[in-house]
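Based on the provided sequences and hints, a complete structural model is requested.
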Amino acid sequence: MTALGQVTPQLMHFSDALPLKSGAVLPAYALMVETYGTLNADKSNAVLVCHALNASHHVAGRHADGVEGWWDNLVGPGKPLDTEKFFVIGVNNLGSCFGSSGPTHLNPDNGCVWGADFPVVTVEDWVEAQARLVHRLGIQQLAAVIGGSLGGMQALAWSLQYPQRLRHCVAVATAPSLSAQNIAFNEVARRAIVTDPDFHGGHYIAHGTVPKRGLRVARMLGHITYLSDDAMEARFGRSLRAEALAYSTQDIEFQIEGYLRHQSDKFSEYFDANTYLLITRALDYFDPAAAYGGSLTQAFAQASAVRFVIISFTTDWRFAPERSREIVKALVDNRIRVSYAEIEAPHGHDAFLLDDARYHAVMRATFDQMAEELTHPPAPAKPNEGAHV
Amino acid sequence: MSERKDLQIIASLVPAGSRVLDLGCGNGELLAWLQQHKGCSGYGIELADHNVHACVQRGVDVIQLNLDEGLALFDDRSFDVVLQLDTLQHLRNTENMLRETARVGRIGVISFPNFAHWPNRLRVLAGRMPVTKALPYQWYDTPNIRVGTLADFEVLARKCGLQVTDSFGLQGGDAVRFWPNLLASVAVFKFEQV
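So the protein sequences, as listed, match chains A and B. In terms of our numbering, the first sequence has 300 at position 300, counting the first letter as 1, and numbering is strictly consecutive. In terms of our numbering, the second sequence has 517 at position 128, counting the first letter as 1, and numbering is strictly consecutive.
None of these hints come from the bench; they were simulated from the model. For each residue, glycine too, the CB sits at the ideal point set by N, CA and C. Treat the hints loosely; a few may be bogus.
Said to hold, decoys possible - Short, incomplete list of chain B residues facing chain A, as computed with Cβ under 8 Å:
id, residue
1, ASP438
2, VAL445
3, GLN446
4, ASP450
5, ILE452
6, GLN453
7, LEU462
8, PHE463
9, VAL513
Said to hold, decoys possible - Computed from the model, here is a short list of chain A residues facing chain B with C-beta under 7 Å:
id, residue
10, LYS329
11, VAL332
12, ARG337
13, SER339
14, ALA341
15, ALA361
16, ALA365
17, THR366
18, GLN369
What the hints assert, rightly or not - Here are the computed distance ranges between Cβ atoms for each label pair:
id, chain 1, residue 1, chain 2, residue 2, range
19, A, GLY294, B, ALA461, 11 to 21 Å
20, A, PRO163, B, ALA461, 25 to 35 Å
21, B, LYS522, A, ALA41, 50 to 60 Å
Structural data, given as structure tokens:
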């Protein structure tokens with residue numbers, strides 16, 4: 001078993017127009033893709049990894065600049081999602097800012113930077129684009145689609161849009177839709193960006209500016225919601241930056257303030273403001289039950305052949321266990337195969353990115369079982385056979 | 390599971406092809422066997438992490454849930470059989486769980502340690518709480534917070550409006566149908582809701 005080592009992404013171009021849920025059409029587009037492991041002869045061992053708000057196609061391994069993949073603790077040789085058994089695909093979503101077509105790119109129609117004019121994309125649109133990528137790779141059916149948070153929503157959407165094209169859906173720390181409180185957090189973040197004087201209606205690149213102040217505030221707010229109260233207390237408490245209070249309203253007094261400012265400064269250096277708006281909107285819009293009069297049970301009726309693993313974390317208040325249980329209930333109502341693990345972890349929403357032992361044990365068991373299926377496909381059950389009772 | 394004669398006896402109470410909910414399914418051994426040999430389907434419910442892992446590992450669908458919170462996840466009569474083996478005695482809300490078991494399943498199968506087994510009686514007569522194979526804990530550290538007997542369960546079943554269609558004891562891997570309340574360390578009940 002060797003580490004993945006250095007990995008290199010590739011840009012894949014698609015010239016077929018992509019009709020979007022909004023009614024707009026993306027005439028042509030490109031997706032930044034990274035793969036790990038080897039596709040087997042019958043192309044049955046592919047796992048698609050969907051990313052959340054600020055992640056990308058770079059799931060595992062290291063890039064030439066030393067940056068480690070965002071789920072490197074889960075994906076790699078000998079890891080729970082073992083790249084010696086599975087062919088793993090990471091893809092940057094449309095509208096993001098890590099190489100796939102997005103608002104920082106040129107609009108082919110007029111040769112100008114898209115900026116605020118990049119069409120609004122939804123979770124369903126991403127799945128459509130991912131499905132075309134999977135088709136391009138010659139894969140008829142994925143062994144699994146997996147994702148956390150917004151990535152989990154994409155995994156769920158796969159089971160609804162293309163139920164015949166995946167065998168397993170692994171959705172972690174996610175929800176069947178955002179709550180009003182969740183949409184409210186997103187709206188505060190968006191207002192911080194949009195009201196930054198450097199935003200220029202979303203055409204800041206044309207103006208040679210970056211709305212960093214708005215991005216920083218948006219990131220600070222988001223970051224708070226990804227952590228649990230206890231985790232923040234344990235790490236920072238009321239500890240001060242200096243030895244004594246300075247009695248200043250604007251300088252940093254508490255360590256937590258310094259941490260948030262540092263994290264948000266870093267974020268504003270690399271993340272695109274329009275992408276932040278687009279991706280938070282995709283989160284807001286996701287609501288598969290809406291097309292079925294609000295019935296999630298009816299929405300999942302079509303996913304009957306998919307096997308699900310749903311995982312939540314007890315201290316995740318942004319995507320609380322109750323929301324995962326709604327998904328489980330809808331699946332159970334349809335007699336769909338599902339396992340559900342509610343992991344007692346202190347870290348809040350961010351737990352899905354960490355290598356908590358109990359969490360990774362469930363992940364390992366899930367993919368071990370899947371790998372077993374690859375070598376020994378389950379025979380259909382025969383009633384009474386061998387029943388000596 | 391072939392060595393577990395007690396599980397074989399329990400399994401014989403489950404009709405082939407049943408949709409089964411196993412409350413407190415442990416490592417999923419029984420459900421896996423019922424799926425492979427009797428064409429059953431369904432879910433296990435477990436609270437303990439290591440058991441959840443074991444179920445996922447062997448391909449048994451498991452839902453991590455605290456049974457004391459009830460079975461709100463499941464609709465009325467959504468299972469042919471609800472199993473509650475060696476679980477009842479750990480639950481705070483025993484009566485509610487029994488009613489929930491009857492609500493979601495057509496048939497309920499329950500097993501629990503029989504406190505009226507004769508060695509237990511002798512031990513209590515001697516002035517001490519029993520510590521046996523079926524009840525292996527000291528009184529101060531036992532997870533068995535509800536101890537009852539075959540006779541006690543009959544009373545509770547009547548109170549809950551359950552029709553007991555079979556009841557017997559288990560001792561050393563064998564079914565005990567003669568004086569089970571005295572001669573068996575484990576009580577087994579099969580009931581249907583009237």
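Outcome of the hint check:
Hint on ASP438 (chain B) holds. Least Cβ distance to chain A is approximately 5 Å, under the 8 Å limit. Annotation: interface hint on VAL445 (chain B) holds; nearest CB of chain A at approximately 4 Å, less than 8 Å. Checking GLN446 (chain B) against chain A by beta carbon gives a least distance of about 4 Å; that is within 8 Å, so the hint holds. The interface hint given for ASP450 (chain B) holds, since its Cβ lies 5 Å from the closest Cβ of chain A, which is under the 8 Å cut-off.
A distance limit of 8 Å between C-beta atoms decides the matter here; for ILE452 (chain B) the minimum to chain A is near 5 Å, and the interface restraint holds. The interface hint given for GLN453 (chain B) is met, as the beta carbon of that residue sits about 5 Å from the closest beta carbon of chain A, less than 8 Å. Of the supplied interface hints, the one on LEU462 (chain B) holds, with its beta-carbon coming within about 5 Å of a beta-carbon of chain A, less than 8 Å. The closest approach between the C-beta of PHE463 (chain B) and any C-beta of chain A is roughly 6 Å, which is under the 8 Å cut-off, so the hint is satisfied.
A least Cβ separation of about 35 Å between VAL513 (chain B) and chain A goes past the 8 Å threshold, and the interface hint is therefore violated. For LYS329 (chain A), the suggested interface contact is upheld, since its CB lies about 5 Å from the closest CB of chain B, less than 7 Å. With a cut of 7 Å, the hint placing VAL332 (chain A) at the interface with chain B holds, because the nearest CB-to-CB distance is about 6 Å. Taking 7 Å as the C-beta cut-off, the interface hint given for ARG337 (chain A) holds, the closest approach to chain B being about 5 Å.
Interface hint status for SER339 (chain A): upheld, as the beta-carbon distance to the closest one in chain B is roughly 5 Å, under 7 Å. For ALA341 (chain A), the shortest C-beta to C-beta distance to chain B is roughly 5 Å, which falls under 7 Å, so the interface hint holds. The beta carbon of ALA361 (chain A) comes within 5 Å of a beta carbon in chain B, closer than 7 Å, and the hint placing it at the interface holds. The criterion of a C-beta within 7 Å of any C-beta in chain B is met by ALA365 (chain A), whose closest approach is roughly 4 Å, and the hint holds.
The interface hint given for THR366 (chain A) is met, as the beta carbon of that residue sits about 6 Å from the closest beta carbon of chain B, less than 7 Å. A cut of 7 Å between beta carbons decides the hint on GLN369 (chain A): the least distance to chain B is about 5 Å, and the hint holds. Between GLY294 (chain A) and ALA461 (chain B) the beta carbons are some 18 Å apart, a value that agrees with the proposed interval 11 to 21 Å. Checked against the hint of 25 to 35 Å, the pair PRO163 (chain A) and ALA461 (chain B) passes, with Cβ atoms roughly 27 Å apart.
For the hinted restraint 50 to 60 Å between LYS522 (chain B) and ALA41 (chain A), the CB-CB distance of approximately 52 Å keeps it satisfied.
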